[in-house]
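Chemist: Listed below are the residues making up each chain.
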Amino acid sequence: MSPVPAAAVLAALAAAALLADRTISVAVVATVLLALCLRVPRRRRWPYLVGTLGSAAVLFVGSPLAARYGGIVYWEGPSVPVVGRLDVTSEELAEALFQSLRFAAVGLAFAAYALLLDQDRLLLAGGRLRRSVLAVALATRLLPTLERDASGFVEALRGRGVAVEGLRGRARLLSPLVAGSLERSLNLAESMEARGFGRPGRTRAPQPAWTPLDRVALAGAVLVVAGGALWL
Amino acid sequence: MALARVQDLTYRYPHSASPAVEGISLELRAGELVCLLGPSGSGKSTLLRALAGLVPHFHGGQFAGRVEVDGVDTRRARPSELAGTVATVFQDPEDQVVFTGVEHEVAFGLENVGVPPDEIHGRALEALEALGAGHLAGRRTDELSAGELQRVCVASALALRPRLLLLDEPTSQLDAEAAEGLLDLLTRLGCAAVISEQRPALPLGRCDRVLFMDGGRLLLDADRADGVSWLADKRTAYLAHEPLIEEGEPDGEVLCSVAGAAYAYGSRRVAVPDLEIRRGEVVSLIGGNGSGKTTLAKLAAGLLEPTEGTVFRHGRASYLSQDPGRYLVAERVDEEVALGVAGDLRRARRALALADLAGFDGRHPRDLSSGERERLGLAAVLVTEPDLLVLDEPTRGVDPDRKLELAALLRAQAAERGTLVVTHDLVFAADVADRVLSSTSTRDPVHA
Numbered sequence: 001m002s003p004v005p006a007a008a009v010l011a012a013l014a015a016a017a018l019l020a021d022r023t024i025s026v027a028v029v030a031t032v033l034l035a036l037c038l039r040v041p042r043r044r045r046w047p048y049l050v051g052t053l054g055s056a057a058v059l060f061v062g063s064p065l066a067a068r069y070g071g072i073v074y075w076e077g078p079s080v081p082v083v084g085r086l087d088v089t090s091e092e093l094a095e096a097l098f099q100s101l102r103f104a105a106v107g108l109a110f111a112a113y114a115l116l117l118d119q120d121r122l123l124l125a126g127g128r129l130r131r132s133v134l135a136v137a138l139a140t141r142l143l144p145t146l147e148r149d150a151s152g153f154v155e156a157l158r159g160r161g162v163a164v165e166g167l168r169g170r171a172r173l174l175s176p177l178v179a180g181s182l183e184r185s186l187n188l189a190e191s192m193e194a195r196g197f198g199r200p201g202r203t204r205a206p207q208p209a210w211t212p213l214d215r216v217a218l219a220g221a222v223l224v225v226a227g228g229a230l231w232l
Numbered sequence: 233m234a235l236a237r238v239q240d241l242t243y244r245y246p247h248s249a250s251p252a253v254e255g256i257s258l259e260l261r262a263g264e265l266v267c268l269l270g271p272s273g274s275g276k277s278t279l280l281r282a283l284a285g286l287v288p289h290f291h292g293g294q295f296a297g298r299v300e301v302d303g304v305d306t307r308r309a310r311p312s313e314l315a316g317t318v319a320t321v322f323q324d325p326e327d328q329v330v331f332t333g334v335e336h337e338v339a340f341g342l343e344n345v346g347v348p349p350d351e352i353h354g355r356a357l358e359a360l361e362a363l364g365a366g367h368l369a370g371r372r373t374d375e376l377s378a379g380e381l382q383r384v385c386v387a388s389a390l391a392l393r394p395r396l397l398l399l400d401e402p403t404s405q406l407d408a409e410a411a412e413g414l415l416d417l418l419t420r421l422g423c424a425a426v427i428s429e430q431r432p433a434l435p436l437g438r439c440d441r442v443l444f445m446d447g448g449r450l451l452l453d454a455d456r457a458d459g460v461s462w463l464a465d466k467r468t469a470y471l472a473h474e475p476l477i478e479e480g481e482p483d484g485e486v487l488c489s490v491a492g493a494a495y496a497y498g499s500r501r502v503a504v505p506d507l508e509i510r511r512g513e514v515v516s517l518i519g520g521n522g523s524g525k526t527t528l529a530k531l532a533a534g535l536l537e538p539t540e541g542t543v544f545r546h547g548r549a550s551y552l553s554q555d556p557g558r559y560l561v562a563e564r565v566d567e568e569v570a571l572g573v574a575g576d577l578r579r580a581r582r583a584l585a586l587a588d589l590a591g592f593d594g595r596h597p598r599d600l601s602s603g604e605r606e607r608l609g610l611a612a613v614l615v616t617e618p619d620l621l622v623l624d625e626p627t628r629g630v631d632p633d634r635k636l637e638l639a640a641l642l643r644a645q646a647a648e649r650g651t652l653v654v655t656h657d658l659v660f661a662a663d664v665a666d667r668v669l670s671s672t673s674t675r676d677p678v679h680a
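Top line first, the protein sequences correspond to chains A and B. Under our numbering, read the first sequence as residues 1 to 232, first letter to last. Under our numbering, read the second sequence as residues 233 to 680, first letter to last.
Any given hint could turn out to be false.
[Unchecked claim] Footprint (simulated), chain B over chain A, 3 or more residues, beta carbon under 8 Å:
no., segment
1, 57-64
2, 109-120
3, 155-169
4, 176-185
5, 202-208
[To be verified] Derived, one-sided and incomplete: chain A residues facing chain B with beta-carbon distance under 10 Å:
no., residue
6, Val82
7, Leu173
8, Leu188
[Unchecked claim] Partial list, computed: chain B residues near chain A (C-beta under 8 Å):
no., residue
9, Leu286
10, Val460
11, Gln554
Note that these hints are calculated values from the structure, not bench results. None of the values given here were measured: they were computed from a predicted structure. By construction, the Cβ of each residue, glycine as well, lies at the ideal position given by its N, Cα and C atoms.
Full structure from sequences and hints, please.
Modeler: Dropping the structure here:
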């Protein structure tokens with residue numbers, strides 16, 4: 001499938017998860033997207049899945065504690081300044097499950113976009129939006145690049161007998177990772193300018209024509225959004 | 233008529249106290265191959281950037297003098313307007329890649345300069361094939377080895393069919409055969425090329441002219457014969473020489489032995505040659521790109537455990553990564569080095585002095601030049617005083633004088649430990665090692 005209709009389908013699934021108002025519908029969308037992500041080799045998919053599912057789990061556990069509604073109390077805890085008494089009700093749990101599934105669906109749609117789509121062809125299809133699509137494509141590559149850099153730092157530290165352990169040890173790598181990204185972005189910008197980026201009169205390498213499957217996928221994306229708004 | 237003319241160029245980077253280049257004047261003629269030499273930080277990269285128009289347009293700073301390329305004053309034309317006439321390959325291939333697909337990466341410049349769409353695919357493939365990298369066309373850039381990626385970057389420049397090709401250490405990641413192939417190709421291309429190199433033997437054997445810079449000034453601008461005789465008189469480290477040491481028989485205790493070993497990266501299996509290192513000896517490991525040298529080095533250092541075969545290790549091992557950017561974790565140079573010795577700053581400063589970085593203690597590691605960063609990495613592993621020292625490409629970006637100093641340092645400390653040096657630099661390998669081992673391993677799928 002061409003990347004543009006594929007991106008449209010993923011965006012439609014994320015939109016459907018946001019528009020749907022039944023937990024089971026959102027759960028189905030999230031499951032479909034998770035199944036897509038699981039097709040990618042483990043070493044590439046893990047940062048996305050850990051980030052998305054971990055954040056969704058934090059949302060599910062944390063939001064009932066902060067919320068203050070519902071009548072059926074499952075658990076009552078201590079009183080905390082500013083927040084008040086902590087409790088968990090059945091209504092809060094249901095809402096937390098719904099919202100965390102929504103979050104997971106949107107996160108997994110982005111993960112599938114980053115992991116499965118041919119970013120190059122998407123960029124080349126950008127036409128007049130090429131600059132914006134390029135910015136998105138480069139931003140999408142940030143996560144795997146940071147992951148690779150972090151592995152490199154950890155390996156270099158191990159190579160001189162320094163173990164990187166725990167949250168504190170890993171947190172120490174944050175600053176060099178950010179600084180390294182900034183340095184790399186400057187080098188990349190210089191290289192792009194030297195290769196003529198931004199010059200008027202650019203052309204575009206011929207791209208494969210859309211297939212019937214691509215057209216069906218695009219129509220399907222519209223239906224998924226409509227379904228999310230009207231029936232799910 | 234000159235293709236490019238530099239007149240009295242002086243340039244200072246923003247926030248820099250001294251000029252990076254000063255009073256440079258030279259002419260480049262169409263079709264000539266020019267070898268640009270000089271120590272790290274001598275202004276070679278800045279001169280190349282000035283010829284590409286990136287100085288001052290991209291970097292800002294203070295610019296005096298005049299640079300003309302193909303009759304165009306670079307102060308009046310942006311670098312993107314010079315693209316096509318000029319093509320530049322920068323030092324670090326990983327920082328130049330825009331696309332995830334090799335063919336798209338090579339086509340990027342062609343699209344930017346407006347090559348007709350039906351020619352783009354053919355020219356991209358032609359450039360890749362000229363560099364022996366046609367088989368990489370369908371690969372992802374993030375799956376390539378450093379040497380393969382460097383070839384893709386050079387292909388991206390060649391595809392533009394420039395009149396002036398500027399190459400900043402284009403063979404730093406290439407094995408000897410690939411580097412020789414690139415230099416041979418440059419002599420056949422017919423465009424003018426300026427090649428800045430820290431492995432000067434290859435370009436010196438093929439170039440028309442030699443330039444030598446030091447301290448931002450151009451000390452030499454001569455044809456090859458005069459250039460070589462000037463180097464023989466003033467900078468002998470830049471010329472081929474006899475190996476500094478004779479091969480000997482090691483007799484210390486065995487610190488590492490590798491037998492029948494292989495390591496699987498996911499579904500990719502890399503088999504490595506057998507190896508034995510004893511205390512008191514220095515072993516150089518050479519071999520082609522992707523032949524498993526780094527895998528063997530990591531197995532020897534204990535950073536990887538073999539999925540097949542056996543690896544015996546005795547004592548403490550330290551490993552220097554081939555990427556000096558991995559030694560930039562702390563906020564100060566001395567603290568970075570002290571990480572390996574539980575924060576002992578006295579030992580860190582001693583190691584910095586050994587690596588010729590005395591006085592750099594309080595600097596931020598990111599403020600160092602690429603050659604200085606390489607020496608910082610070396611200090612960071614030397615400070616640990618390991619039984620086995622494993623150095624992966626320790627001469628990348630290091631000038632010939634510093635290489636001789638590094639070889640002398642490793643030789644002086646050889647008796648204290650076993651040392652394994654992985655390198656593409658055959659001259660350095662011969663200078664530093666008691667034994668030179670060639671890696672000719674194979675890669676194949678685990679399930680094959």
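Chemist: Regarding the hint that leucine 173 of chain A lies at the interface with chain B, is the smallest CB-CB distance below 10 Å?
Modeler: With Cβ-Cβ at 7 Å, under 10 Å, it holds.
Chemist: Classify the hint on valine 82 of chain A as holds or violated, based on whether any CB of chain B lies nearer than 10 Å to its CB.
Modeler: violated, 36 Å
Chemist: Are at least 3 residues of the segment 109-120 of chain A within less than 8 Å of chain B when you compare beta carbons?
Modeler: holds (count 3)
Chemist: Going by Cβ atoms only, is glutamine 554 of chain B closer than 8 Å to chain A?
Modeler: Result: violated, 10 Å to nearest chain A Cβ.
Chemist: Please check whether leucine 286 of chain B passes as an interface residue: C-beta within 8 Å of a C-beta belonging to chain A.
Modeler: holds, 6 Å
Chemist: Holds or violated: the segment 202-208 of chain A covered by chain B, criterion of 3 or more residues with Cβ-Cβ distance under 8 Å?
Modeler: Result for this restraint: holds, n = 5.
Chemist: For the segment 155-169 of chain A, do at least 3 residues have a Cβ located nearer than 8 Å to some Cβ of chain B?
Modeler: Satisfied; 8 residues make the cut.
Chemist: Under 10 Å is the threshold here; is the Cβ of leucine 188 of chain A close enough to any Cβ of chain B for the hint to stand?
Modeler: holds, 6 Å
Chemist: Do three or more residues from the segment 176-185 of chain A put their C-beta atoms closer than 8 Å to C-beta atoms of chain B?
Modeler: It holds, with 5 qualifying residues against the three required.
Chemist: Can the segment 57-64 of chain A be counted as covered by chain B under the rule of three residues or more with Cβ-Cβ separation shorter than 8 Å?
Modeler: violated (count 0)
Chemist: Can the hint on valine 460 of chain B be confirmed by a CB-to-CB distance to chain A that is less than 8 Å?
Modeler: violated, 31 Å
Hints 1, 6, 10, 11, counting from the list given before, are not met by this structure.
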